[in-house]
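Asker: These protein sequence lines map, in sequence, to chains A and B.
This note's numbering puts the first sequence at residues 4 to 239.
This note's numbering puts the second sequence at residues 25 to 131.
Simulated from the structure, these hints should not be mistaken for lab results.
Fair warning: there could be bad hints in the mix.
[Claimed, not checked] Okay, derived cross-link-like pairs now, DSSO-like style, lysine-lysine, Cα gap no bigger than 30 Å in a straight line:
#: 1; chain 1: A; residue 1: 61; chain 2: A; residue 2: 76
#: 2; chain 1: B; residue 1: 100; chain 2: A; residue 2: 61
#: 3; chain 1: B; residue 1: 113; chain 2: A; residue 2: 76
Computed from a prediction, not measured in an experiment: that's the story for all the values here.
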Amino acid sequence: MRCIIVDDEASARAIVSELCKAIPEMEVVAEFPNALEALKFLKHETVDLIFLDIHMPKLTGVDFIEMANDPPKIVLTTSDKEFAIEAYGYEFIVDYLVKPITYERFQKCIIKLNNAFRQLATEQTENQLMQAEDEDLYINIDRRLIKLKFHDILLIEAQGDYIEIKTQHKQYRVHSTLKKIKEKLPQSRFLQIHRSFIINFTQIIDIQDNSVLIQRSVIPISRSNRPELMQRLNLL
Amino acid sequence: MAEQPNLDYIKEISGGNEDFEKKFLTIIQTEFPKEKNDYLENLESDNLEESAKIVHKIKHKLGILGLTGGYKLAIKYEEDLKYGDTKLKEEFKQILKSVEEFILKIA
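From just these sequences and the hints, can you work out the full model?
Answerer: Right under this line is the structure:
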């Protein structure tokens, strides 16, 4: 977790920095005595988290929040709980820490942060899957461009200079290679499990020995591709 | 007996890291006298709004140095100053004095 600390008090920055040292996944990449310098830094650097003081001269923490373009997760640090609660409405604010910050409270904050980042990762994966659902692929069959929805494709088999695309209800023979089509398919859904087969692994019915059952097709799994397939499965 | 500043909080945060403790005390020794002077200057010039802002910063240091009572008084005093009320200034001055003496002692 790359973070920065923004606080006009050097003593407050030193405390947060020392607390971060006790958390292995936390890396303090920079500290700033005012919000303006932090805003400049964020124009060319990305971080996962900002520890942000609310009470600062000139630009306050609240001003910073309003001026920052697409800010990362923020933890407010303040001596006044009321001010923190006021700013707590922003979705990217994960927590607020009342100064002086205790080690115990800081650890609770880290748990909250980990949960927030986990939720963010889940949302991003879901969005990717949803985008993949919406995307489609056009194939050229007898000078006719036919649209195939990714979620309809079950598997693709290499057959010499051709590939056979099997969907829920049809099969299409296209002059292309597995390598070419693989580049067009979303990795979140498709996986090559054999030198001649790419499958839509969300359509797997079962896996037995060294083969996968998709609809009524039994597809071999090569030894070299098996570990990746097993890694992608949500195994109990 | 009035409460005395201590290093319990700093020792808890440092987890025995003496380098941090030294570095931190140097920061306090630099920051506190400046904040105290700024506060007194603003109070003298009747700039109470600015005084309140500095009391806000000093308040954090009182908490760091284990002055629980002083911290609570600073919360009240900060609010009072915003409304132009300075009746707690003598009590606050005594707290500042105890911090100043402590800082000199550990220097």
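Asker: Give a verdict on every hint.
Answerer: Against the structure, the hints come out as follows:
| no. | hint | in the structure |
| --- | --- | --- |
| 1 | A/61 x A/76 | 23 Å, holds |
| 2 | B/100 x A/61 | 24 Å, holds |
| 3 | B/113 x A/76 | 40 Å, violated |
In terms of the numbered hints stated before, the structure departs from hint 3 and from no other.
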